[in-house]
Amino acid sequence: MFKDLDPILHSQLRLAIMSLLIGVKEADFSYLKEKTGATAGNLSVQVQKLKEAGYIEVVKQFKDNYPQTLCKITDTGISRFEQYVADLKAYLGQ
Amino acid sequence: MSEQQLSQQESLQLITEMIQKAKKSIHETGTSSILWGSAIAVCGLVNFAERQWQFSIGFDVWLLAMIAIIPQVWISVRESRERKVRTHTQVVLNNVWIVYGLSIFALVFYFNIVPGVTERLLAESGSQVFARNTTTGIETPFRSFIASSGSLLLLLYAIPTLITGLTHRFKPMIIGAVLCYGFFIASLFTDTRLDMLFNGLAAICNWLIPGLILRSLYLKEKAGRNV
Numbered sequence: 001m002f003k004d005l006d007p008i009l010h011s012q013l014r015l016a017i018m019s020l021l022i023g024v025k026e027a028d029f030s031y032l033k034e035k036t037g038a039t040a041g042n043l044s045v046q047v048q049k050l051k052e053a054g055y056i057e058v059v060k061q062f063k064d065n066y067p068q069t070l071c072k073i074t075d076t077g078i079s080r081f082e083q084y085v086a087d088l089k090a091y092l093g094q
Numbered sequence: 001m002s003e004q005q006l007s008q009q010e011s012l013q014l015i016t017e018m019i020q021k022a023k024k025s026i027h028e029t030g031t032s033s034i035l036w037g038s039a040i041a042v043c044g045l046v047n048f049a050e051r052q053w054q055f056s057i058g059f060d061v062w063l064l065a066m067i068a069i070i071p072q073v074w075i076s077v078r079e080s081r082e083r084k085v086r087t088h089t090q091v092v093l094n095n096v097w098i099v100y101g102l103s104i105f106a107l108v109f110y111f112n113i114v115p116g117v118t119e120r121l122l123a124e125s126g127s128q129v130f131a132r133n134t135t136t137g138i139e140t141p142f143r144s145f146i147a148s149s150g151s152l153l154l155l156l157y158a159i160p161t162l163i164t165g166l167t168h169r170f171k172p173m174i175i176g177a178v179l180c181y182g183f184f185i186a187s188l189f190t191d192t193r194l195d196m197l198f199n200g201l202a203a204i205c206n207w208l209i210p211g212l213i214l215r216s217l218y219l220k221e222k223a224g225r226n227v
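Protein chains in written order, with full-length UniProt numbering: chain U, 1 to 94; chain D, 1 to 227.
Errors might be hidden in some of the hints.
Said to hold, decoys possible - What follows is a list of derived Cβ distance ranges for each label pair:
no. : chain 1 : residue 1 : chain 2 : residue 2 : range
1   : D       : Q13       : U       : N42       : 17 to 23 Å
2   : D       : K23       : U       : T76       : 20 to 26 Å
3   : D       : L217      : U       : A86       : 33 to 39 Å
4   : U       : N42       : D       : V91       : 18 to 24 Å
5   : U       : P67       : D       : V108      : 38 to 44 Å
6   : D       : W97       : U       : I78       : 24 to 30 Å
7   : U       : D4        : D       : E79       : 42 to 48 Å
8   : D       : L122      : U       : F62       : 56 to 62 Å
Quick caveat, the hints were computed from the structure, so don't treat them as lab data. Ideal Cβ positions, reconstructed from N, Cα and C, are used throughout, including at glycine.
Sequences are here, hints too, so could you generate the full structure?
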């Protein structure tokens, strides 16, 4: 039934991450953790999967001597997200 | 939250919920607005008082506006450190305010340079402008100046304020900017003394009051998050 939906996005946490990133320029890892309520380990794994798929960019840097991970949706990520929403709407007959 | 599969309805619900969460997490602290509202209000009102009651505080009060850049840099650095997310709107509005800041400095530069250049160009062409006192008939060399310079400042104040207010749909800032346009029109018909009063009042309406409202909203939301 769901075979046509993008399997990368059709998972709760990855979809939550993409939904948060779609409306912003970039977000800190701690922001994603706070908003999704996920554990750091699980979030880190899902962020990596999205990065490997080319849906997001991940920049690791130092800010005030502390490591900071910034996540940003890519053009591919935007088009895949839009396609996913369009597919969902088609399923729901909207 | 896990890697579980979702139904179509659950997916759409999750997308909506996360987009709403992202929207709610955008907080303006109002600190910069309060800083500039206070600084420009003090400069405008003190300058008006000096002209109205013929006294001098011993230095150009508008230098305070230059000094206000120092705490602004500190505020910007601190807010940048605390910020966990940057929206496209924030980036665009920051750029609008940077361009505004540059334009204000360019305009102040223009106020200081153009009169001297005008006189030099006149002198080079062998001309000099005189002003004749219609009562005494005495003529004195006319010093060139930028007429109603305060009006140009008011016009410039309103632009980024209205853009910000309309973008955030923040009524106090929209009202402040509209009032600023009103002060601009009024200042076209008044002398420099009243232009300074309008500058001070515009800073209060444009930035100080909206800044205090923003600050109050920010502190309430922060307190709500900590409960």
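### Message
Let me make sure I understand: some of the numbered hints might not hold for this structure. Which ones are they, in numerical order?
### Response
Structure breaks hint 4 only.
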